[in-house]
Amino acid sequence: MNNETIITIGRQFGSGGKEIGEKLAEALGIKCYDKELLSRASKESGISQELFENHDEKPTNSFLYSLVMDTYSMGYSSATFNDMPLNHKVFLAQFNAIKKIADEGPCVIVGRCADYALAEYKNCISVFIHASMDNRIKRISEKYQLSENKAKDLIVKTDKKRANYYNYYSSKKWGDASSYHLCIDSGICGIDGTVEMIQEFVKLKEKQRAKR
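Residue 919 is where the sequence shown ends in the numbering used here, and the numbering goes up by one at each step.
Hints should not be assumed to be uniformly reliable.
[Stated by the list, open to error] Straight line, CA to CA, 35 Å or less: simulated DSBU-like cross-link-like pairs of lysine-lysine:
1) LYS850 to LYS750
2) LYS914 to LYS807
3) LYS845 to LYS918
4) LYS850 to LYS738
5) LYS750 to LYS829
6) LYS857 to LYS807
7) LYS868 to LYS879
8) LYS730 to LYS845
9) LYS918 to LYS725
10) LYS765 to LYS918
[What the hints assert, rightly or not] Derived DEER-like restraints, expressed as beta-carbon distance ranges:
11) GLU907 to LYS850: 34 to 40 Å
12) GLY897 to GLU743: 24 to 30 Å
13) ILE895 to SER755: 29 to 35 Å
14) GLN756 to GLU729: 18 to 24 Å
15) LYS738 to GLN915: 22 to 28 Å
16) ASP892 to GLU733: 18 to 24 Å
17) ARG916 to GLN756: 34 to 40 Å
18) SER755 to ARG919: 41 to 47 Å
19) GLU827 to LYS850: 31 to 37 Å
FYI, nobody ran anything at the bench for these hints, they're computed from the structure.
None of the values given here were measured: they were computed from a predicted structure.
Heads up, the beta-carbon is just placed ideally off N, CA and C, and yes, glycines get one too.
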C-alpha cells in the first residue's frame with residue numbers, strides 16, 4: 708500500500724488507543740507520536756518540557772496561574788505570543804509542532820487535538836477509539852495494579868480532562884461520532900482487530916483520493 712495518510716487517534720482512557728497507534732504505525736512503516744510530540748514542541752518553542760507535561764491534555768483556565776508561570780516560558784519574541792496565557796502558548800506550540808510533523812510525511816499522532824490541528828489536511832484520517840466501561844476498568848486495573856473502583860475513578864477523571872481539553876481548544880465535541888471519520892469499539896474488535904480495521908479504512912480513503 709502506498710501510504711500517504713496521516714492518522715490521528717482520539718481515545719477514551721483504557722481503550723488501548725496508544726497501543727493501537729503504535730501497532731498501526733509499525734504495520735504501516737511510519738512513525739507514531741504520543742509523548743514524543745511534547746519534547747518536539749518544547750524544543751521548537753523554547754518552553755520547558757515540564758510545562759508541556761503539566762499542561763498535557765489539561766485545560767488551564769486560571770489566568771493568575773498563567774501569569775505566574777509565564778516567567779518560565781522563553782524563546783518567542785512575538786509580542787502577541789508573549790501576551791498569551793501560558794496554557795494558550797503551550798497549546799499553540801503543540802499545534803505548530805503537529806503541523807510540522809504532518810508536513811514531514813505520513814504518521815500516526817495520538818491525542819492532543821491533532822485532528823483539529825490538521826482539519827485542513829486532505830490526507831488526514833481522524834479516528835476515535837472507545838470501549839465499554841467494564842472493558843476499560845479491566846484493562847486499567849490490570850495495567851496499573853489498581854482495584855476496580857480506583858481504576859474506574861482514574862478512567863472517569865482522565866476522560867473528563869481529555870474531553871474538557873478537546874472541547875475547550877477545538878470547535879468539536881470529544882467522543883462525538885460526528886467529530887471523527889471513524890469510531891471503533893476496541894473492546895469488541897480487540898487491539899489487533901482495531902488496527903486491521905483502521906488499515907482497511909486507510910486503504911479505502913487512499914483509493915478514493917486516487918480517483919479524484
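Tested hints:
1. Simply put, LYS850 and LYS750 have alpha-carbon atoms about 31 Å apart, close enough for the 35 Å limit, and the pair holds.
2. Of the pairs offered as hints, the one joining LYS914 and LYS807 holds, with about 25 Å between alpha carbons and a cut-off of 35 Å not exceeded.
3. A hinted pair counts as satisfied when its Cα atoms are at most 35 Å apart, and LYS845 with LYS918 does not qualify at roughly 44 Å.
4. At most 35 Å may separate the alpha-carbon atoms for a hinted pair to count; LYS850 and LYS738 meet this at roughly 24 Å.
5. Between LYS750 and LYS829 the alpha-carbon distance is near 28 Å, which keeps this suggested pair within the 35 Å criterion.
6. Pair hint LYS857 plus LYS807 does not hold up; C-alpha atoms about 38 Å apart against a cutoff of 35 Å.
7. Taking the CA atoms of LYS868 and LYS879, the gap is near 15 Å; set against the 35 Å cutoff, the hint holds.
8. At most 35 Å may separate the alpha-carbon atoms for a hinted pair to count; LYS730 and LYS845 meet this at roughly 21 Å.
9. A C-alpha spacing of about 32 Å is found between LYS918 and LYS725, which places the hinted pair at or below 35 Å, so the restraint holds.
10. A threshold of 35 Å between alpha carbons decides the hint, and for LYS765 with LYS918 the separation of about 41 Å lies outside it, so the pair is violated.
11. For the pair GLU907 and LYS850, the beta carbons lie near 28 Å from each other, so the given range of 34 to 40 Å is not met.
12. Checked against the hint of 24 to 30 Å, the pair GLY897 and GLU743 passes, with Cβ atoms roughly 26 Å apart.
13. For ILE895 and SER755, the Cβ-Cβ distance of about 41 Å falls outside the hinted range of 29 to 35 Å, so the restraint is violated.
14. With their beta carbons about 21 Å apart, GLN756 and GLU729 fall inside the hinted range of 18 to 24 Å.
15. Between LYS738 and GLN915 the beta carbon distance is about 24 Å. The supplied range of 22 to 28 Å therefore holds.
16. Take ASP892 and GLU733: their Cβ atoms lie about 22 Å apart, and the range 18 to 24 Å holds.
17. Checking the proposed 34 to 40 Å range against ARG916 and GLN756 shows it holds: the Cβ atoms sit about 36 Å from each other.
18. At roughly 44 Å, the beta carbons of SER755 and ARG919 sit within the given window of 41 to 47 Å.
19. Between GLU827 and LYS850 the beta carbons are some 36 Å apart, a value that agrees with the proposed interval 31 to 37 Å.
In summary, the structure is inconsistent with hints 3, 6, 10, 11 and 13 from the numbered list given earlier, while agreeing with the others.
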